[in-house]
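Novice: Fit chains C, B and S to the known structure of chain W by using the hints.
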Amino acid sequence: MAGERGYTDRELMVSAAAREIEDGDTAFVGMRLPLIAFQVAVSTHAPNAMAVYESGVVRDDPADGFLHTMCDLPNLDRAVSTTGMLDIMSRLQRGDIDVGFLGGAEIDRHGNLNTTRVRAGDREIRLPGSGGACDIACMANRTVILMAHESRRFVERVHYNTSPGHGTGGDWREANAVPGGGPVALVTSKASFGFDADGELYLRSVHPGVTVDEIRPDFPWELKTAEDVGIGEVTTTPEPTEEVLSLTRRFDPDGFWTQ
Amino acid sequence: MAGERGYTDRELMVSAAAREIEDGDTAFVGMRLPLIAFQVAVSTHAPNAMAVYESGVVRDDPADGFLHTMCDLPNLDRAVSTTGMLDIMSRLQRGDIDVGFLGGAEIDRHGNLNTTRVRAGDREIRLPGSGGACDIACMANRTVILMAHESRRFVERVHYNTSPGHGTGGDWREANAVPGGGPVALVTSKASFGFDADGELYLRSVHPGVTVDEIRPDFPWELKTAEDVGIGEVTTTPEPTEEVLSLTRRFDPDGFWTQ
Amino acid sequence: MPREKRASMSEAIERIQPGDSVALGLALEHAIPFAAGHELIRQNTDELTLIGPISDILFDQLIGAGLVDRVRAAWVGNVSAGTGYRFREAVESGSLAVENHSNLSIALALQAGAMGVPYLPTRSLLGSDVFDESDLFVEAEDPFSGDRLALVPAIRPDWTVVHVQRANAYGDAHFWGNAGAMNPAVGAAENVIVVAEELVDPEVIKSDPSRVAITREQVAAVVECPYGAHPSPLTGRYNRDNEYYLRYHRSTDTRAAFDEWADKWVRGVDGRAGYLDVLGDPGNLDVSEPTVAAEVTYGR
Amino acid sequence: MPREKRASMSEAIERIQPGDSVALGLALEHAIPFAAGHELIRQNTDELTLIGPISDILFDQLIGAGLVDRVRAAWVGNVSAGTGYRFREAVESGSLAVENHSNLSIALALQAGAMGVPYLPTRSLLGSDVFDESDLFVEAEDPFSGDRLALVPAIRPDWTVVHVQRANAYGDAHFWGNAGAMNPAVGAAENVIVVAEELVDPEVIKSDPSRVAITREQVAAVVECPYGAHPSPLTGRYNRDNEYYLRYHRSTDTRAAFDEWADKWVRGVDGRAGYLDVLGDPGNLDVSEPTVAAEVTYGR
Numbered sequence: 007m008a009g010e011r012g013y014t015d016r017e018l019m020v021s022a023a024a025r026e027i028e029d030g031d032t033a034f035v036g037m038r039l040p041l042i043a044f045q046v047a048v049s050t051h052a053p054n055a056m057a058v059y060e061s062g063v064v065r066d067d068p069a070d071g072f073l074h075t076m077c078d079l080p081n082l083d084r085a086v087s088t089t090g091m092l093d094i095m096s097r098l099q100r101g102d103i104d105v106g107f108l109g110g111a112e113i114d115r116h117g118n119l120n121t122t123r124v125r126a127g128d129r130e131i132r133l134p135g136s137g138g139a140c141d142i143a144c145m146a147n148r149t150v151i152l153m154a155h156e157s158r159r160f161v162e163r164v165h166y167n168t169s170p171g172h173g174t175g176g177d178w179r180e181a182n183a184v185p186g187g188g189p190v191a192l193v194t195s196k197a198s199f200g201f202d203a204d205g206e207l208y209l210r211s212v213h214p215g216v217t218v219d220e221i222r223p224d225f226p227w228e229l230k231t232a233e234d235v236g237i238g239e240v241t242t243t244p245e246p247t248e249e250v251l252s253l254t255r256r257f258d259p260d261g262f263w264t265q
Numbered sequence: 007m008a009g010e011r012g013y014t015d016r017e018l019m020v021s022a023a024a025r026e027i028e029d030g031d032t033a034f035v036g037m038r039l040p041l042i043a044f045q046v047a048v049s050t051h052a053p054n055a056m057a058v059y060e061s062g063v064v065r066d067d068p069a070d071g072f073l074h075t076m077c078d079l080p081n082l083d084r085a086v087s088t089t090g091m092l093d094i095m096s097r098l099q100r101g102d103i104d105v106g107f108l109g110g111a112e113i114d115r116h117g118n119l120n121t122t123r124v125r126a127g128d129r130e131i132r133l134p135g136s137g138g139a140c141d142i143a144c145m146a147n148r149t150v151i152l153m154a155h156e157s158r159r160f161v162e163r164v165h166y167n168t169s170p171g172h173g174t175g176g177d178w179r180e181a182n183a184v185p186g187g188g189p190v191a192l193v194t195s196k197a198s199f200g201f202d203a204d205g206e207l208y209l210r211s212v213h214p215g216v217t218v219d220e221i222r223p224d225f226p227w228e229l230k231t232a233e234d235v236g237i238g239e240v241t242t243t244p245e246p247t248e249e250v251l252s253l254t255r256r257f258d259p260d261g262f263w264t265q
Numbered sequence: 004m005p006r007e008k009r010a011s012m013s014e015a016i017e018r019i020q021p022g023d024s025v026a027l028g029l030a031l032e033h034a035i036p037f038a039a040g041h042e043l044i045r046q047n048t049d050e051l052t053l054i055g056p057i058s059d060i061l062f063d064q065l066i067g068a069g070l071v072d073r074v075r076a077a078w079v080g081n082v083s084a085g086t087g088y089r090f091r092e093a094v095e096s097g098s099l100a101v102e103n104h105s106n107l108s109i110a111l112a113l114q115a116g117a118m119g120v121p122y123l124p125t126r127s128l129l130g131s132d133v134f135d136e137s138d139l140f141v142e143a144e145d146p147f148s149g150d151r152l153a154l155v156p157a158i159r160p161d162w163t164v165v166h167v168q169r170a171n172a173y174g175d176a177h178f179w180g181n182a183g184a185m186n187p188a189v190g191a192a193e194n195v196i197v198v199a200e201e202l203v204d205p206e207v208i209k210s211d212p213s214r215v216a217i218t219r220e221q222v223a224a225v226v227e228c229p230y231g232a233h234p235s236p237l238t239g240r241y242n243r244d245n246e247y248y249l250r251y252h253r254s255t256d257t258r259a260a261f262d263e264w265a266d267k268w269v270r271g272v273d274g275r276a277g278y279l280d281v282l283g284d285p286g287n288l289d290v291s292e293p294t295v296a297a298e299v300t301y302g303r
Numbered sequence: 004m005p006r007e008k009r010a011s012m013s014e015a016i017e018r019i020q021p022g023d024s025v026a027l028g029l030a031l032e033h034a035i036p037f038a039a040g041h042e043l044i045r046q047n048t049d050e051l052t053l054i055g056p057i058s059d060i061l062f063d064q065l066i067g068a069g070l071v072d073r074v075r076a077a078w079v080g081n082v083s084a085g086t087g088y089r090f091r092e093a094v095e096s097g098s099l100a101v102e103n104h105s106n107l108s109i110a111l112a113l114q115a116g117a118m119g120v121p122y123l124p125t126r127s128l129l130g131s132d133v134f135d136e137s138d139l140f141v142e143a144e145d146p147f148s149g150d151r152l153a154l155v156p157a158i159r160p161d162w163t164v165v166h167v168q169r170a171n172a173y174g175d176a177h178f179w180g181n182a183g184a185m186n187p188a189v190g191a192a193e194n195v196i197v198v199a200e201e202l203v204d205p206e207v208i209k210s211d212p213s214r215v216a217i218t219r220e221q222v223a224a225v226v227e228c229p230y231g232a233h234p235s236p237l238t239g240r241y242n243r244d245n246e247y248y249l250r251y252h253r254s255t256d257t258r259a260a261f262d263e264w265a266d267k268w269v270r271g272v273d274g275r276a277g278y279l280d281v282l283g284d285p286g287n288l289d290v291s292e293p294t295v296a297a298e299v300t301y302g303r
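Residue numbers (the numbering used here), protein chains in the order written: chain W, 7 to 265; chain C, 7 to 265; chain B, 4 to 303; chain S, 4 to 303.
For reference, chain W alone in the conformation it holds in the complex (with noise of 0.2 Å):
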């Protein structure tokens, strides 16, 4: 709900999702939260963005119509193209998607992310997969990671690493042979984060109204910030302009994804 701040977290989310994206990239959007957040770009600061969907799809605009997934009419209607999986994916594997989005069950302290199987206590719950995480995490110039914001998210080392983040740090990616640049920033519904030399989380922001101290407690490691990696204060996450909000509501005019 939008509450007294005008605004809910989730449409925040869309906000500083929707700023990842800068003009002129080509942008690989998955399910959920992105797909708003790649129209609200390309009608802002972006226009000259382009999205792909492993599904097949390439756009320009915004669809006209809610998107409950990337196969609706809406986002095939119009499009640039439509075309195949391997079309997408070979876009992705020869180097030329600047940003993806990615999501996850579990991220750890370098990044990785987890969508396959996670432990609750005894028992192992499935998840349902990779789809394409995997090929953005391994592939992408950059990704962006959107997350709820709940403790048990935060963990170590992922139990099962669907998406390669930084590895265990440092060189990993260039010493696994892991093409893309990996994570650059991670976005959960109380704080944004970012990606140190190291490939080590960092608290980059908090979104208004919470606090740093609020947030270190839900990592089970002493959580880096903006301080610690030498790029300044922790600032507060820009809440998201009136023409933001009402482009996300016109997006997804029910609520279904961000209310």
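Since the hints were made in silico from the structure, they are not lab data.
Each hint should be verified, as a subset may be incorrect.
Residues from chain W that face chain B, not an exhaustive set, calculated with beta carbons under 7 Å [as the list claims (entries may be wrong)]:
#	residue
1	GLU60
2	GLY62
3	HIS74
4	CYS77
5	LEU82
6	LEU92
7	SER136
8	VAL161
9	TYR166
10	ASN167
11	GLY175
12	ASN182
13	PRO185
The beta-carbon is built from N, C-alpha and C at its ideal position, and this holds for glycine as well.
Specialist: Positioned in the frame of chain W, the structure of chains C, B and S alone reads:
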């Protein structure tokens, strides 16, 4: 010219080539005479044959107009499919092509073909090259070779093996990881040939008016005949029927390929 | 005349035998052959291996019906709601073997099958547990550059089942909109079942040979089945029935609940016509603002 | 708004530098970008490497003009008449290096480039001198089955030049009819020049996104050039000018004869318009019995 026989050498070759396509076959058709032969076959004894062309065409019936090349518009109009080369070549590579047609500047004892470079005295003459011939030769379930009958074309060993036949004979193809079945027939302007169990060329039939003794001296080795390989006498190649001649002249109305 | 392969859905699906491997749901959330999948449930064709990138809820349904021994896929769940409860329970109870893929690795495996080669190389997978915990993939050095690559071995399904906009009785089909891994899966399959929204005269297909996604020689049967992809969308025809996916999620969190769902929507209905009777008029999903493709001509 | 890339033919071709590698003539005898090739001759862009499966006579013309150091191709000649005299002479005189391919190997090399992998495996080539006399291909054992395969390394042309029926000013293009190795070459190229029979409104292209063969992000320039593929055919537009190929064959058997031919048809004319003036009305080649593709809709 048709002359007193009522048909030309090439018309007879078309007739013989068409008979090599069985009903239900998928035939890989290249340039020149096979363009006509497929159309004759599908109009007569092989109504369920399909043709594929490496340019990316699949066809189940004659073109409504003369075909100078496989890409002439009548060959694309009302085709079963117009697609790309990898689609067609993939059918070949997965073993789905029953019969492929080949030509050559040189053929040797075991049906290897050269379309790349030949020697003429001191001079080495460059020819156009493989095109798809190497692929067809390697991977079609069987191949049929069409050539003008000139003694200089029959050599003990091709100067350049563009399109492997039975190599050096015996189990050469298997030993060299060449997956298709190799050549089963050679049709020249004077005679038709088969390949024996060892993959060696033998004379199967002479065209009407040609004798076995006329053929032998054209070969720089002791040419085997049907008798030598134990399948009976050298026969006379059937003349093209009236129907086949009439179709051939319909598909090649100016006699560009067949006169 | 080419051989006609028109069949009823039950005749076509009868050809799939227990123990076969079946690729379906290849265009991701688009054009999923739900009607064909439901006929598998009615015929109780079991011990299946299912193959596909993501399946949306069709795999969950076939698993819930107890038909599936093994899944080779990148993602199994419910795109609207996340979890597929029948999949989750089957994995956790140990009754279902899962071969974990990424979308690219399943597409490459099918493409290798389609191309007739034993494997294809990729720059994906290395560094992930999709690679490390699998005994399917192999790491190899590129002999040209020395780069390390993952090799993905070919998958050749016994059957690929697809839903298309229109086909002729020989099996040649037009398809448009996003195709996901449909083309590789058609090329890789031993046999293909084409379910078409509409069976058309052969001349309709021949009027546009570059629109042809499937040619007859691999096709075992062609079935006409309007709304056969519901609740998934079909380009130019009908929209996704989002609410249906959410209701499925809410209705299948226990085995008993799933059985009730399956009795209502699958086992207790007389084919797709019966399903549509239960659903009520799906016309509200129909494309109401069609975009007509610009004219294309062939000819001579 | 996306960036517009409309350019004149001379502006577009100026971007190709001496020493660059250029893939063209990819759809085999169909849709060969002759107008673009002729502009290369007028600009005297030399030391080129040409890449393509078969080229029909365009490669022969560029070689005859002295622009080509190296050809990576499966077949170079004149499809109507066999020999390409300028190619033959250049090889025999030692002025032209040839990398011999098969059609599949050149298509796979480009496809490897398009897929972003260093090589692709094939069951073709082994046993041939195309393999044995090449230092390009490598034999390798399939780690899964032990089968012996040939590996074809990627080719990534600096430029791919294509002729299509219609494109918008951003570079998105519709193409239909057989495509040969066009799609792999577009994917593999560093830069693409799209020559279109017709430049159309962006909405025309967007009305049929499954017809789109090229998307803008790889396209460096878009040139409108009616009859730009003459004498090759273009689906839906004009037939092949067979007689032109036969005349070319008869007119280019010596270097002097070629120069006379090139002065008349290329060097001495003012772009494509001048070429068409020399040719006279090409309307007799126009498609006179169009086959209109069956309607396709998208929408929501």
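Novice: Give me the numbers of the hints this structure contradicts, sorted from smallest to largest.
Specialist: 8 and 11
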